[in-house]
Amino acid sequence: MNIQVLADLWPFMVCVITLFVIGFYCLIVTLNLIRALIGIEILIKAITLLIIVVGYVSGHSALTQSLVITMIVIEAVIITIAVGLVVGIYRKTGSLDSRNIRNLKG
Amino acid sequence: MNTNNIFLPIIIPLIGALCALVSFKKLRFLLESSAFVIAAVNLILAVILFKENISLNIPWVLGLEFSLRLYHFSAFILLSVAGFGFLVTLYSLRFLRGKEYANQFYGYLFLTLSLANGAVLANNLILMLFFWEGLLLTLFGMIAIGNKNAFQTATKAFIIVGISDLALMLGIALTAYLAGTARISNIHLPLDTLGSIAFILMAIGAISKAGSMPFHSWIPDAALDAPLPFMALLPASLEKLLGIYLLARITLDMFILTTHSAMSTLLMAIGAITIILAVMMALIQKDYKRLLSYHAISQVGYMILGIGTAVPVGIVGGLFHMVNNALYKSCLFLTGGAVEKQAGTTSLEKLGGLGRNMPVTFICYLITAAAISGVPPFNGFFSKELIYDGALERGKIFYLAAIVGSFLTAASFLKLGHAAFLGKRSEENKNIREVPLSMLIPMIVIAATCVIFGVFNALPIKYLIQPVLGEGLLEGHNFSGFPTNMFLVAVTVIVLIAAFLNHLFGVKKSGSGLHASDHIRNAPVLVKIYDLALKRFFDPYEWGLKFSRLLADISWAVDRSIDWIYDKFSVNLTYSLSRQISALQSGNYSLYVVWSLVGAMLVFVLFFIK
Amino acid sequence: MMHTLVLFPFFALIILNLPLRVIFRRLSFWVVFALSLIQIFLVFFPQNAFWGTHFNFLNTFFRFNLSADGLSMVMLLSIGIVTLTALLVARQMITDSDRMALFCSLLLIAMAGMNGAVLVRDIFSLYVFLEITAVASYIMIAFDKNIFSFEGAFKYLVLSAVATAMMITAIALVILFSGSTEFYLINYAIRASAHTSLIVLSLGLFLCGFFIKAGLIPFHSWLPDAYSSAPAPVSIFLAGIVTKTTGVYTLIRIFISIFGFNGQSQRILLLAGIISVVIGAIAAITQKDFKRMLAYSSISQVGYIILGLGCASSLGIAGAILHIFNHSVFKSLLFVNSAAVETQTGKTNMDEISGLGEKMPVTAVTSTLGALSCAGIPPLAGFWSKLLIILALWVGGLHVYAVVAILSSVLTLAYLLSIQRKLFFIKGNSEENSQIKEAGFGISLASTLLAFISLATGVFFPFIINSFIVPFGKIFGRF
Amino acid sequence: MNLHLVILIALIFAALWTVMTRSLIRSAIGLALTSAILTIVMFALNAPLAAVFELSVCAGLISVLFVSTISLTHPLSRQEILQHMKDRLTRFWYLPILVAVCAIILSALDIKFSLKLPAHETENDVRVVLWNLRQFDILGQIIVLLSGVFGVVILFREKNKK
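First to last, the sequence lines map onto chains E, Z, P and A. Just so you know, we're using this note's numbering here: the first sequence kicks off at 77 and counts up by one. Just so you know, we're using this note's numbering here: the second sequence kicks off at 99 and counts up by one. Just so you know, we're using this note's numbering here: the third sequence kicks off at 6 and counts up by one. Just so you know, we're using this note's numbering here: the fourth sequence kicks off at 741 and counts up by one.
If you're looking for bench data, these hints aren't it; they were derived computationally from the structure. None of these values were measured; they are calculated from a predicted model. Hints may contain errors.
[Unchecked claim] No more than 20 Å apart at the CA atoms, straight line, and that leaves these computed lysine-lysine pairs for PhoX-like:
#1 E:Lys168 / E:Lys181
#2 E:Lys181 / P:Lys364
#3 Z:Lys384 / Z:Lys448
#4 P:Lys352 / P:Lys364
#5 P:Lys150 / E:Lys168
#6 P:Lys293 / E:Lys181
#7 P:Lys293 / E:Lys168
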């Protein structure tokens, strides 16, 4: 690791933060359940990028790579489950509109 | 003798109480026999212990000591308590037969005996208070098992006696603080400012136990509602004994009551007022038991007057009067009970001419009524003479009150005797018979004792009462024998004759024994006072009720507004808040994410605010 | 020895789902039953020679960095108890043996996940095992496959994903300044380095992530929806232990093992705690649904735990840990009771149910005990832990917090007793209630057991304080 | 370095397109594209193994999952699509501006990290780290995969029965 690398860190950080903004915006604003999942996916992309950058900068890229591999597996499973839930909701309500899942309130 | 025997007077009645409370209704014989045996054992024990002098101090919880002391005064009271307990038990055996509450009554009776013995023996103020409060509970219980009004009356008694016990408690606390010890035999306090307060507080406890004004008002009510043996036992004898015992203890031992002190005058004033007011109320009663109950109050006045004089002759008179009163008053209540048992009522309107049906009862009544009126040579005469003597020494006004009380007492008993035992007998009373022997025996024994204590008055005075004062206080006097002050005797005799004449006048005017006192009742000024009194205008309890009702109204208003704050305002506020929060939970997950992000921002803001 | 707690459920899971499932299907209940009992046993006898000798060979295959301190032990005990309870209730409520086998497998996964999360000493492994627990929870919430359960599970998933995102970001930052993911190395790095802004950033992200998982206000919103939509045994499991492990335990762990306390973090904990305590209790008052009310109550109780943690004193942390245990007992108990009411009447709306006391005496009595414990009435268990927390607040000079905590306790008592009265003790509609019986053996057994634990913990508290709390004080003495 | 910047900007644009495109299918494809660009970044940052995983799992598996889900669901009618487009435009219109503002401000900040990082040990191979040092994570991965299987079994089984 050297000073040059550290100096280059900031553009990556900017990219990560921007991806976070896009992901959260999508998650909050969309009314489509699948697009909400895509928002979550973009969040995960941002995190993946962050970890890799951190590993690159700090010189622990083996560690961070293994972490990223584990994370990708887990997120894949979570997205699978989420898709399962979305399909279930679609079967019950006939649409992917998130306004259909506002039954539980109060 | 073993020191531990001092526990027996407390334990034996306690065993009796437990036996009685657990016994089944079916086993009436067992209940009655065990009650009789326990009462008898208690009496024998008191006799055996009479000459003993035992002192016992055991360290107890919280640094207090469990200390009992048996000496001539407490032994004397112990004997009296045991004696009355025995006689009342004997009487109750028949009176309570077939009553639902018999086992409860015996239980309370023995509990009362046990606690009374404890209170008499206690040589520690705290310990005494413990027994004293126990008596409050048994008092409540005994009244409450009477007729259907009894519970209300019991509550009234409980409140009145409870308040005065509270005063006693404060007094005890103050006394123990001032004296630095709670052991009664070590306390000798002067009556300075704090001492006077302590004295007054403890005296309130004592005289309210004895039933003096203004703590009397539950007694006439209880007379109607509670079981009759209760009246003979508690207000008539036991409570008087305990109250006056405590009063004597605080005036003789614990505080140094000098002859011309304000406290002494205060006590005498209370005594005098009690005598007059209670006997005036007694005069107009139309119920056997109620009339007697007012006399029970009135007689306390004599005792307080006597002890309050703080001169030897008065104190001896007061204590002697205490014994005498316990005797004749309980006997009078027992005759009342006999009448109630046989005639089914105690209302004087329905009674009359029972003297022929119940001769023994009548004779007992005659003797004891003469004794209470102060007719020589019965015991009442001698004690009253001593009290007159003492009162005259302190001031003519007290003597005057005492003698007027005596006149009215005599008048009211003439009226009572006339209305109940003489006069015209109604048809339904034709078949009334004399009461059974077990009820007669106590009456006869007590009446006989009245005569004996009168004729041989040296017996109680020399052996029972004068030792209490001790040689130092007596200064070589001996108050037994026939009164020495012939002037007083003459006045007494004149008063009694006047009372008799007054009665004849009343009978002639109204035409019956029952209304013989109506001319006094209808006298110009008195009529209004009486009217007010009958409306319970002079009953402090009623005042208290009215005052507390007023207080209740005020606090009701305050309470409503506070309640509104609690009940409506805060609840509605909480509910509306709750609904607002629920409304925020709209079910939209996007909103949830937004909240979480806002929360995260707040967390970071908090982190960077130092 | 501790690795067996993760490996046994894992092996059991594989064996039960081998192609011979037809045979093992019937066994699955007993396997989970035995495993949870073993776990409880292990907590009480951690040094037992049997585990030391017979299972050491596993160490040669696996190199796991696991250890258990007092906090982990309490969590393991709670996990064992709540799993057992959920299992007993599930046996009563899930009749189809195929579905029961699936449920048991999910329980095993969640159990392995939570045990792992409690035992690991590596921040990334902690994340992995939290995710295992979370995945199992999503599936369990959606187990009934009706629209409500899908909705609850989806909301939990979305919020949980947000929490995960925050948490991994924080982990990345931690790696950036410490170069490691192990607790003690991070702790060294924090003490040694001066990158305060990075440390604060990562701590803040951790806090937010775990606040979401623990359901503190204003991060709570998924919690009532998920609890109320889940099937009854899953509600018990979620409320009793899942959120406590994934949110509360992790919070305590990162504070005591990694970051330590400072003024700012303490203030955040206290504020989050007190807001949750008050708002959770207020929101619970007007709830119509039994389970939803309990969910809000859960938020409020978690607030107490966080308050105890926020004291940053050993007394407060001991109170917090004890309250986790007590909460997992009494809240599971109340959810078991709600399951009993739900199975017997078919309703969860409190306005439609009343006067069950005569018909369901066991439920009535045990739920009253649970409610009193929850409200902190002596001598039940909840009283002592709340007392410790409030005492710690007072001793720490946080008088306002202490007073508010006591007042909210009154509020808790108010709403819990009012529902007790409504459901069990007033006269109900006798026609409607005529068919209702006591819930079956499994539910009654579970509720009786939990009520007994709650009572025994309270009554024998003086013994417990000597054998558990004082050791806690030693462990956390350095903070 | 300039190359990095170009790739990063491409990544952001891919993500933006993913979010803002009106069709779900295009959105899924956009996600795959984002993943692919991320893979390039990861290769550039000296993380080849993770990059391969990213490409295979995220760009491959998850995109397939999304596409198949989208095809499972009922396609919208023409009018609905038009209505939908209007809605989306009004709601997503702000996102590019937000992203632009965010990116410009952050770039302008240009924070220089002056980290004193702990000296790291000799760099291990990824496989060594993964298999030897992070065994517990591997165990966790296996359990997660198993739970994923259970999830699929439970959540999708209804279709099989029908």
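Evaluation of the provided hints:
For the suggested pair lysine 168 of chain E and lysine 181 of chain E, the alpha carbons sit about 19 Å apart, so the restraint of at most 20 Å is met. With a C-alpha separation of about 31 Å, the suggested pairing of lysine 181 of chain E with lysine 364 of chain P is violated against the 20 Å cut-off. For the suggested pair lysine 384 of chain Z and lysine 448 of chain Z, the alpha carbons sit about 10 Å apart, so the restraint of at most 20 Å is met. A C-alpha spacing of about 16 Å is found between lysine 352 of chain P and lysine 364 of chain P, which places the hinted pair at or below 20 Å, so the restraint holds.
In summary, the hint linking lysine 150 of chain P to lysine 168 of chain E is supported, as the alpha carbons are separated by about 9 Å, within the 20 Å threshold. Restraint check: the Cα-Cα separation between lysine 293 of chain P and lysine 181 of chain E comes to about 11 Å, which is no more than 20 Å; the hinted pair holds. Among the hinted pairs, lysine 293 of chain P with lysine 168 of chain E is inconsistent with the structure: their alpha-carbon atoms are about 25 Å apart, more than 20 Å.
In terms of the numbered hints stated before, the structure departs from hints 2, 7, listed from lowest to highest.
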